[in-house]
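Produce the entire structure from the sequences given, and follow the hints as far as they go.
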Amino acid sequence: TSWTGDEAARIAAVLNDPGSYPHRARYRYWPGPNSNSFVAWVLRRAGIQYALHWKGIGRKWPK
1 TSWTGDEAAR IAAVLNDPGS YPHRARYRYW PGPNSNSFVA WVLRRAGIQY ALHWKGIGRK
61 WPK
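One point on numbering: in the numbering used here, the residue at position 37 of the sequence shown is 37, and numbering is uninterrupted.
These are computed hints drawn from the structure, not numbers from a lab.
FRET-style restraints, in silico, Cβ to Cβ:
#1 2 - 44: 17 to 27 Å
#2 25 - 4: 24 to 34 Å
#3 5 - 44: 17 to 27 Å
All of these numbers come straight from a predicted model, not from anything done at the bench. Ideal placement from N, C-alpha and C gives every residue a C-beta, glycine not left out.
In structure tokens, the structure reads:
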């Protein structure tokens with residue numbers, strides 16, 4: 001998947017403020033937070049609806 005235009009700009013804005021990620025000081029493979037939790041958080045914060053793969057452990061880490 002690739003994002004362009006406004007969606008890409010919104011993702012970039014979220015990524016340019018990594019300090020706002022609430023779980024930045026914690027990492028757990030299972031159940032999370034982990035890299036899948038981070039991706040889900042970025043997409044939610046950017047207002048992009050995208051279903052991560054069902055095997056993505058941590059993708060549903062508490063919002």
